[in-house]
Each structure stands twice: as structure tokens, then as C-alpha cells.
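Colleague: Can you make the complete structure from the sequences, with help from the hints?
Chain by chain, the residues:
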Amino acid sequence: MSLKDRVERCLGDYATAFVECRGDLCVEVPVEDVLKVIASLKDELGFDFLSDLFGVDNSVLFEKKAKAAKKKKKAEDEALPGDDVPPPPRFEVNYLLLSLERNERLQVKIRVPEDKPEVDSVTGIWKAATWPEREVYDMYGIKFKGHPDLRRLLMWDEFPAYPLRKDYPLEGQGEERHLSYTTTES
Amino acid sequence: MAQQCPNIPEVGDFVTINIGPSHPAMHGTLRVIAQTDGETILKADPEIGYLHRGVEKLGENLTYHQFIPLTDRLNYCSAITNNVSYEMAVEKLMGLEVPEKAQLIRMIMMELTRISDHIVCIGILGVDLGAFTPYFYLFIQREEIYEIFEWFNGSRLTTTFGRIGGVEADLPEDFEQRWEELKPNLRKAIDETDRLFTHNRIWMDRTIGTTAISPEDALNWGFTGPCLRAAGVKRDLRKDEPYGMYDKVNFEVPTGKHGDVFDRYIVRMIEMEESIKIIDQAFQMYKEMAPDAPLRAKVPKIIKPPEGEVYHAIESPNGELGFFVKSDGSDKPYRIKIRPPCYMIYQAFPELVQGEMIADLIACLSSLNIIAGELDR
Amino acid sequence: MEDWGIAIIKVVFIWVWTLLCATVMTWVERRGAGMIQDRLGPNRAGPFGLFQPLADGIKLFTKEDIVPANARKILFSLGPILFAIPAFSAYAVIPFGDKIVVGGKEILLQVADVNVGFLYVVAIGSMAVYGIVVGGWGSNNKYSILGGLRSTAQMISYEVPWGLALLAAVLVYGTFSLRQIALAQQGTFLGFLPNWGIFKQPLGFILFIVAAYAEANRVPFDLPEAESEIVAGYHTEYGSMRLGLYLFGEYVNLYTLSALMVTFYFGAWHLPYLDMSKFLGPISYGIASFIVFFLKVAFFLWLFVWVRWTVPRFRYDQLMNLGWKSLIPLALLNLFITALCIQITA
Numbered sequence: 032m033s034l035k036d037r038v039e040r041c042l043g044d045y046a047t048a049f050v051e052c053r054g055d056l057c058v059e060v061p062v063e064d065v066l067k068v069i070a071s072l073k074d075e076l077g078f079d080f081l082s083d084l085f086g087v088d089n090s091v092l093f094e095k096k097a098k099a100a101k102k103k104k105k106a107e108d109e110a111l112p113g114d115d116v117p118p119p120p121r122f123e124v125n126y127l128l129l130s131l132e133r134n135e136r137l138q139v140k141i142r143v144p145e146d147k148p149e150v151d152s153v154t155g156i157w158k159a160a161t162w163p164e165r166e167v168y169d170m171y172g173i174k175f176k177g178h179p180d181l182r183r184l185l186m187w188d189e190f191p192a193y194p195l196r197k198d199y200p201l202e203g204q205g206e207e208r209h210l211s212y213t214t215t216e217s
Numbered sequence: 002m003a004q005q006c007p008n009i010p011e012v013g014d015f016v017t018i019n020i021g022p023s024h025p026a027m028h029g030t031l032r033v034i035a036q037t038d039g040e041t042i043l044k045a046d047p048e049i050g051y052l053h054r055g056v057e058k059l060g061e062n063l064t065y066h067q068f069i070p071l072t073d074r075l076n077y078c079s080a081i082t083n084n085v086s087y088e089m090a091v092e093k094l095m096g097l098e099v100p101e102k103a104q105l106i107r108m109i110m111m112e113l114t115r116i117s118d119h120i121v122c123i124g125i126l127g128v129d130l131g132a133f134t135p136y137f138y139l140f141i142q143r144e145e146i147y148e149i150f151e152w153f154n155g156s157r158l159t160t161t162f163g164r165i166g167g168v169e170a171d172l173p174e175d176f177e178q179r180w181e182e183l184k185p186n187l188r189k190a191i192d193e194t195d196r197l198f199t200h201n202r203i204w205m206d207r208t209i210g211t212t213a214i215s216p217e218d219a220l221n222w223g224f225t226g227p228c229l230r231a232a233g234v235k236r237d238l239r240k241d242e243p244y245g246m247y248d249k250v251n252f253e254v255p256t257g258k259h260g261d262v263f264d265r266y267i268v269r270m271i272e273m274e275e276s277i278k279i280i281d282q283a284f285q286m287y288k289e290m291a292p293d294a295p296l297r298a299k300v301p302k303i304i305k306p307p308e309g310e311v312y313h314a315i316e317s318p319n320g321e322l323g324f325f326v327k328s329d330g331s332d333k334p335y336r337i338k339i340r341p342p343c344y345m346i347y348q349a350f351p352e353l354v355q356g357e358m359i360a361d362l363i364a365c366l367s368s369l370n371i372i373a374g375e376l377d378r
Numbered sequence: 010m011e012d013w014g015i016a017i018i019k020v021v022f023i024w025v026w027t028l029l030c031a032t033v034m035t036w037v038e039r040r041g042a043g044m045i046q047d048r049l050g051p052n053r054a055g056p057f058g059l060f061q062p063l064a065d066g067i068k069l070f071t072k073e074d075i076v077p078a079n080a081r082k083i084l085f086s087l088g089p090i091l092f093a094i095p096a097f098s099a100y101a102v103i104p105f106g107d108k109i110v111v112g113g114k115e116i117l118l119q120v121a122d123v124n125v126g127f128l129y130v131v132a133i134g135s136m137a138v139y140g141i142v143v144g145g146w147g148s149n150n151k152y153s154i155l156g157g158l159r160s161t162a163q164m165i166s167y168e169v170p171w172g173l174a175l176l177a178a179v180l181v182y183g184t185f186s187l188r189q190i191a192l193a194q195q196g197t198f199l200g201f202l203p204n205w206g207i208f209k210q211p212l213g214f215i216l217f218i219v220a221a222y223a224e225a226n227r228v229p230f231d232l233p234e235a236e237s238e239i240v241a242g243y244h245t246e247y248g249s250m251r252l253g254l255y256l257f258g259e260y261v262n263l264y265t266l267s268a269l270m271v272t273f274y275f276g277a278w279h280l281p282y283l284d285m286s287k288f289l290g291p292i293s294y295g296i297a298s299f300i301v302f303f304l305k306v307a308f309f310l311w312l313f314v315w316v317r318w319t320v321p322r323f324r325y326d327q328l329m330n331l332g333w334k335s336l337i338p339l340a341l342l343n344l345f346i347t348a349l350c351i352q353i354t355a
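Protein chains in written order, with the numbering used here: chain A, 32 to 217; chain B, 2 to 378; chain C, 10 to 355.
You can take every hint at face value.
Simulated pairs of lysine-lysine, DSS-like, Cα-Cα distance not exceeding 25 Å: (1) K235(B) <-> K258(B); (2) K35(A) <-> K67(A); (3) K101(A) <-> K333(B); (4) K305(B) <-> K103(A); (5) K197(A) <-> K98(A); (6) K98(A) <-> K333(B); (7) K333(B) <-> K299(B); (8) K98(A) <-> K305(B); (9) K333(B) <-> K95(A); (10) K58(B) <-> K174(A); (11) K333(B) <-> K58(B); (12) K305(B) <-> K102(A); (13) K95(A) <-> K305(B).
Hint data in this document are derived by calculation from the structure and do not stem from the laboratory. Note that the coordinates shown come from a computational prediction; the quantities given were computed from them, not determined experimentally.
Modeller: Written out as C-alpha cells, the structure is:
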């Protein structure tokens with residue numbers, strides 16, 4: 032049985048979409064059910080290793096797609112007002128799972144809306160998620176509920192923005208100029 | 002002390018010492034805030050980010066080829082592996098078939114990198130435990146390896162090796178001569194290190210049982226590479242998910258039993274020997290190739306992979322080094338995520354060193370081979 | 010008055026000599042490291058880099074003398090002095106040759122032949138720890154304090170086996186005077202061995218040399234200044250000549266310890282199976298005894314270098330275990346056996 036079938040059987044309705052790219056299988060699940068899904072993938076399908084966890088900001092991609100769709104629509108000159116589909120949630124969080132026994136990799140994807148950037152933490156299942164979750168929080172501002180120590184990881188604690196979001200400029204916003212230095216007095 | 006770690010309350014007679022970011026034993030810019038009771042560590046909190054350069058953000062604003070030089074700066078002790086790992090991810094995204102000759106050249110270079118990386122790790126581990134001499138024995142040979150890199154790539158440390166779809170140049174003609182000269186010296190240096198360290202009573206006392214980790218914990222923490230193998234899990238991507246031509250060469254994957262500093266050291270020592278064997282076999286295969294065999298797949302001048310996302314991992318000297326590349330169809334990657342091996346390993350650091358002594362903290366750090374460049378990206 | 014003059018000449022001579030040796034020792038250590046490690050070492054200043062210590066000295070003297078803002082200034086200045094003075098004064102009772110006859114006057118090659126020379130050496134040797142602790146404490150730096158504390162624990166622990174090992178030797182020779190001990194090692198032992206302390210006290214010598222390495226804070230016992238753990242230990246905050254005093258004091262200590270090893274265990278200025286005084290004139294004998302003694306010392310100095318570049322460092326608890334659980338019981342055993350043997354043969 033192929034991996035896709037097994038995942039489909041294991042997850043049932045939780046799996047909302049499957050994408051396959053060059054042999055990499057990616058399954059999309061609802062954001063609320065991520066803990067359940069990951070636990071059952073670990074217990075039933077033997078995905079016992081968290082290879083990586085990271086976020087992606089899809090805002091630019093969606094904009095581009097929406098623009099392209101609009102252009103296409105204009106070209107077709109079809110007047111369908113009020114048919115603008117709300118874009119899908121801005122962020123995604125990806126979990127790269129690995130089954131050591133079967134040597135299979137699976138990407139689990141959840142989409143996280145910008146107005147409610149909250150995901151259940153998987154640190155209870157894998158300690159390996161500790162820093163990657165902190166990094167996603169640091170870089171995208173997605174909060175992980177139940178994380179034991181959700182602080183910024185790479186940027187300093189007072190850093191005001193989320194640098195890997197697509198609307199953050201590459202050259203920064205001069206935050207380093209406002210760094211507060213603490214000095215010790217004798 | 003300028004900053005207190007929020008995790009560590011200042012209580013009682015305990016002393017909070019701040020090790021790093023500039024400290025002789027902190028390789029690169031690592032910082033550990035440790036709360037100690039005398040010499041015993043009650044709590045250690047590693048703080049990272051001092052070498053954060055935003056490589057992933059930069060990658061989103063560069064073309065696919067322009068990103069290769071940035072990958073040199075990740076793990077600067079094994080730049081070639083980083084280059085190849087990234088190139089392989091992009092090739093996978095584009096569905097490119099890399100010519101065999103290019104794959105062999107990559108393999109030879111990657112194994113040379115593995116040796117030089119392990120040399121750094123073992124040499125520095127020795128220095129941190131107070132034994133200076135093997136460091137020099139090994140580093141003289143590393144210098145020779147870097148000579149080969151320089152003469153092949155034009156640079157020693159930041160190699161920018163390979164191109165997407167293959168390699169840029171063939172191995173120079175006198176590679177065989179150079180390698181045959183290097184090999185015995187390398188073996189001798191490894192052997193001398195082995196004789197100075199492995200059965201040395203002080204070395205054994207210092208390393209055996211220090212910061213040991215069980216295989217279950219190691220997997221839970223996301224360990225890969227020599228540190229995972231030292232814990233007894235036989236996993237090597239070269240064997241388990243063979244890429245390139247690794248399925249055509251014979252080599253052993255060494256494993257340890259206890260996951261302590263000593264096992265990590267031994268695993269690395271054996272891996273160097275195995276790498277020498279791999280290079281020999283790969284070079285043999287290389288010699289059987291036609292001299293005018295292609296070195297690069299047909300790649301367009303401007304690389305525009307189709308929309309999609311792939312993850313490709315290879316066995317870097319430190320462990321699983323993966324690149325996740327997401328393309329939106331343009332000439333710049335939409336998102337590049339690097340999965341550095343020591344990033345996952347280093348997060349287990351507080352658990353590893355808890356209850357050990359300050360000297361063990363240093364030994365543990367060097368045996369894990371934490372490279373700030375790939376840790377912070 | 011004449012005796013005073015000779016005494017002053019002897020003091021100045023041995024002071025200059027040990028200083029010179031300590032200076033050259035820094036060069037030997039670095040060139041030796043280069044030799045062992047397959048590299049060159051300092052070779053630019055003068056022939057074979059021999060003027061390198063001079064250059065280092067000039068550098069240390071001319072560097073800015075910095076006292077950290079939060080340091081306790083008095084203790085900070087006191088530390089190096091407290092370390093250097095015992096180091097220089099310990100050599101006073103150790104001979105550096107037999108005797109030389111000039112103008113019909115017999116001059117002992119020793120600053121002072123104290124009849125409790127052994128006690129003096131042990132007492133002065135244990136003073137060095139104050140310099141380290143005071144310096145480490147006065148620096149007001151956590152690494153310095155850690156280094157100072159490590160050093161205290163280490164030196165106090167290893168003084169016990171050190172003293173006990175020497176005590177067994179004292180039992181053998183039946184005297185506290187180092188000159189008498191040296192003189193007692195003439196001739197042969199059991200008919201075929203040189204009459205040296207090492208053959209009477211083999212275990213004692215091993216204990217002594219191990220403890221001596223710990224006393225001198227040398228690898229594998231260089232925990233107080235373990236650069237990869239606590240930066241530079243007690244002298245992290247020191248610079249300029251204050252640091253110079255610490256480093257010099259250390260090398261002078263090495264010289265003293267090597268001289269003690271030679272005096273107690275390696276027959277002082279005696280050559281095996283050969284009595285130099287029988288065929289050498291009074292002056293040449295004096296010089297020869299000095300040279301023989303120095304060559305033996307030089308060997309042990311080289312041994313310090315050799316060991317330093319060969320073995321790793323102990324961990325703190327292992328160091329304590331070795332000291333208290335292995336060396337001290339062994340030293341007591343050694344003392345007991347020695348006493349027993351003397352009782353039986355007496």
C-alpha cells in the first residue's frame with residue numbers, strides 16, 4: 032500500500048488535501064487537529080522522528096495568484112462581481128516527519144490565519160520541536176500553545192517585528208539603533 | 002552581568018556564570034548561562050543568535066545560483082557539503098538528472114570535507130580537554146585537504162563548490178598524485194591521535210560516561226549524524242536514503258553504545274577511516290569514466306523551477322543537513338528553510354549537561370560539534 | 010664580614026640564575042611545544058628565537074598596567090607579589106652544587122644550610138596558594154574566583170601526599186638538612202645501584218612527582234588556569250608585569266621542584282659509579298658538581314614540558330579523588346613501609 036493510501040486511511044477526514052511534488056508527499060490538515068494528527072501518525076504509522084518544523088508566509092504568493100486570476104478574469108471579461116474568494120490563511124506551519132523504520136518522509140502542513148496565529152505545541156510529543164517552535168514564533172509571530180518556554184530564539188527579546196514575514200524589509204527597520212544596553216554600576 | 006536569563010532565578014549561594022559569547026572554549030559565538038553550585042551545573046541555558054545573519058531571508062531575495070555562496074557560511078567547517086545539499090534540493094525541485102561523473106566528483110569532495118570536519122571536531126575536543134598536540138597533528142593534514150580545495154575551488158573555506166545541475170570543472174589531472182600523497186599522512190595522523198587519546202587514562206576518565214544520552218532521548222531530541230550513531234542508532238542517510246552514488250560504494254556505519262563524549266569521538270574517528278575508503282572507491286569509479294563525460298546537466302541560464310516545494314537532506318558530517326525549497330515559479334526561491342543538524346542537537350544541551358561539571362560542559366559542547374554559523378544561520 | 014659578602018654573592022647568583030632559567034624555560038617550553046607538535050615555535054627574535062623571552066619581557070614591562078574598575082585594588086596588587094616572593098625564596102635552602110674551594114676557603118654551593126631545610130621548603134611551598142587566592146579574589150571576576158578556589162583545593166590536597174612522600178625520604182636519610190640528604194646519596198646501593206633516593210623510595214618518587222605537578226599547576230593538573238573552561242583562571246584580569254610575576258613565579262616554582270626532585274631522589278650532584286672529587290681539582294670539582302646538578306634539573310624541567318604537551322587535563326572531582334583516595338593512602342603506606350624497613354634493619 033502506498034504511503035498516501037496509508038496516510039489517508041489513518042487520518043480519514045482530517046486530511047484535507049494531498050500534494051505530491053517530486054516524490055515528496057505533503058498532507059494538509061486543519062490547524063485545530065494538528066496534535067491529534069501528529070500523535071496518530073506517530074503511533075499508527077510509525078513516524079517517530081521530527082526532522083524539522085518551520086513556517087512559511089504565503090501572503091505574496093496568494094497576492095500574485097489573486098492578481099493572475101484577476102487578469103485572467105479580465106481577459107475573459109466575465110463580470111462576476113462579489114465573487115472574490117477570501118484568500119486562504121496567510122501562514123503555514125510545516126512538520127517534516129520521518130519514519131526511521133520504513134525510511135519514509137511525510138510533510139504535514141497546517142494553515143494558520145493571521146488574525147489568530149495560534150497552534151498547539153508538539154513539544155509534548157517531540158522535544159525536538161522546542162527550538163523550531165521558538166524560531167517560528169520569533170520569525171512569524173505564531174504562538175504555540177503549551178510550549179514550555181516560548182521566547183524569541185534568534186532575535187533579541189525586545190525586537191519589535193517578525194523578520195521572516197514577507198512584509199518585513201530585507202534591510203531591516205533600524206531596530207538595532209534602539210537597542211538598550213544594560214550596564215552594571217559598581 | 003548585563004542580562005539575566007529569565008529561566009534562571011538568582012537564588013541562594015549559587016553562582017550564575019556567563020560563558021560566552023566570547024570565551025576561549027565557545028566555538029564561534031555561543032553563549033551559555035549556567036547556574037552552578039560550586040563546579041556542578043544546576044541549569045544551563047544556551048542562548049543563540051549571535052551569528053544570526055538572516056540567511057533564509059536573504060535567500061528569498063537572491064536567485065537560485067546566488068544563494069550558493071551563502072551556504073558556504075552555514076557550516077564553515079564543511080562548506081562543500083552545504084553547497085551540495087542545497088544544489089541537490091534545487092535539482093530535485095527541477096527534476097534534474099545529474100551526470101554520474103559530477104556525482105562522483107561531489108562525492109569525493111564531500112568525503113574530504115567530512116574528514117576535515119571531523120578533524121576540526123576531534124582536534125578542538127582535545128584542546129578543550131587540555132591536550133594540544135593531536136590538534137596540530139590533525140590540523141596539518143587538514144591544511145593539506147584545504148590545499149586540495151583551494152586548488153580545485155580557488156578558495157579554502159568558503160568554497161562555493163558545484164553548480165545547480167552538476168559541477169563547474171573536472172578534477173585536475175594530478176588529483177590522484179595529491180590524494181596518494183595525502184592518504185598515508187592522514188592515516189598516520191589519525192593513528193597518532195588514536196594512540197594519544199583512545200587508551201589514555203585521563204582521556205577515558207574525562208570522556209566515558211560524560212553527558213551520555215539514551216537512543217530514545219536522542220531520537221526524541223532530533224539527533225542525527227555521529228551524535229545519534231554514538232547513542233547506538235544506526236542511521237546514516239548515505240545508507241538509508243542513498244543519494245548521489247553512495248549506493249555503489251562499500252563502507253561501514255560505526256555506532257556507539259552509550260552516547261557519551263567518548264562514543265562520539267570514536268564514531269568520528271572510524272568515520273574518517275571509512276571516508277578514506279569511500280574516496281578511494283569513488284576515485285576508482287571516476288577513473289573508469291570517459292574523460293569527456295558530461296559534468297553538468299542541461300540547465301537553463303536563468304533557473305526557474307516549477308511551482309512546488311521539496312525537502313532534500315543529505316548526511317553532512319554533523320548529521321542530517323536538509324534544505325526545504327519552495328518555489329513560486331519565479332527566478333528566486335519563495336522560501337528556503339535550512340535544517341542544520343547541530344541546531345536540533347544543541348537544544349538538548351541543557352538536559353545533557355545538567356548535574357555535570359563545568360569542565361564537562363565544555364567537553365560536551367565540543368563533542369557535539371556545534372558550529373555557530375549553521376546554528377544561527 | 011667576609012662571610013656576608015659570600016652570602017650576598019650566593020644569593021644574587023642563585024636569584025639571577027633561577028630568573029635566567031625561568032626566562033629560558035619560557036623559550037624551551039615554546040620551542041619544545043613546537044618540536045613535539047611538528048611546527049616551529051618562536052624562531053624570529055635572535056638565533057633560534059632565543060631572544061624571544063627578552064622580547065616578551067619588554068612587552069610585559071611596557072604594557073599598560075590595568076586594574077579593573079571593580080577589583081579590590083589592594084588585594085589585586087598583592088596577589089602577584091604574594092605569589093612571587095615564596096617562589097623566589099624557596100630555593101634558599103636547596104643546594105645547587107657541592108662545594109668550591111677558593112683561596113683555601115671552602116664555600117658551600119647553597120645559600121643557607123638550614124638544619125630544618127625540609128620543613129622550610131614545605132612551608133614556603135604552601136605559601137604560593139595565597140598569592141593565587143588573593144589574586145583571584147581581588148580580581149572580582151567569577152572565572153578568577155573559580156580558578157582561585159580550584160587552586161586552593163588542589164594545592165592543599167596535594168601538599169599532603171607531597172609532604173608525606175618527602176617525609177618517607179627524610180626517614181631514610183635521617184636528616185632534615187637538604188645538604189646532608191644530598192651527601193648521603195654518594196656511593197652505591199646494594200652493591201650495584203647508585204645510592205640514589207629513587208632506588209630506596211621508588212613509590213615515594215612517583216607520589217612526589219605527581220604531587221609536584223599538581224603543586225605547580227601544570228598539565229594534567231592545570232585546572233586553576235584551564236583556558237578552555239575558565240578563561241585563564243586566577244590571572245584572567247591580570248596584565249602587564251603583574252601577569253609577568255605570576256608566569257615567572259610559576260617557572261621558578263618548576264625550577265625549585267625539579268631541584269627538590271634531584272636532591273631527594275636523583276643523587277643531587279653525584280654521578281653514578283664515579284666520584285668526581287677524587288680526580289678533579291677543588292675549583293673544577295665545584296663547577297662540575299654545579300653542572301651535573303643543573304643537567305639533572307634541566308631534565309626534569311624538560312619533563313614538565315614534555316608532559317604538558319602530551320596528556321589531557323583532569324576534571325575537578327577526578328583530581329580530588331586522585332589526591333585523597335589514591336595518593337594519600339599510598340603515601341601513608343609508603344611511609345609505613347619505610348618506617349618498618351628502617352626498624353627492621355636498624
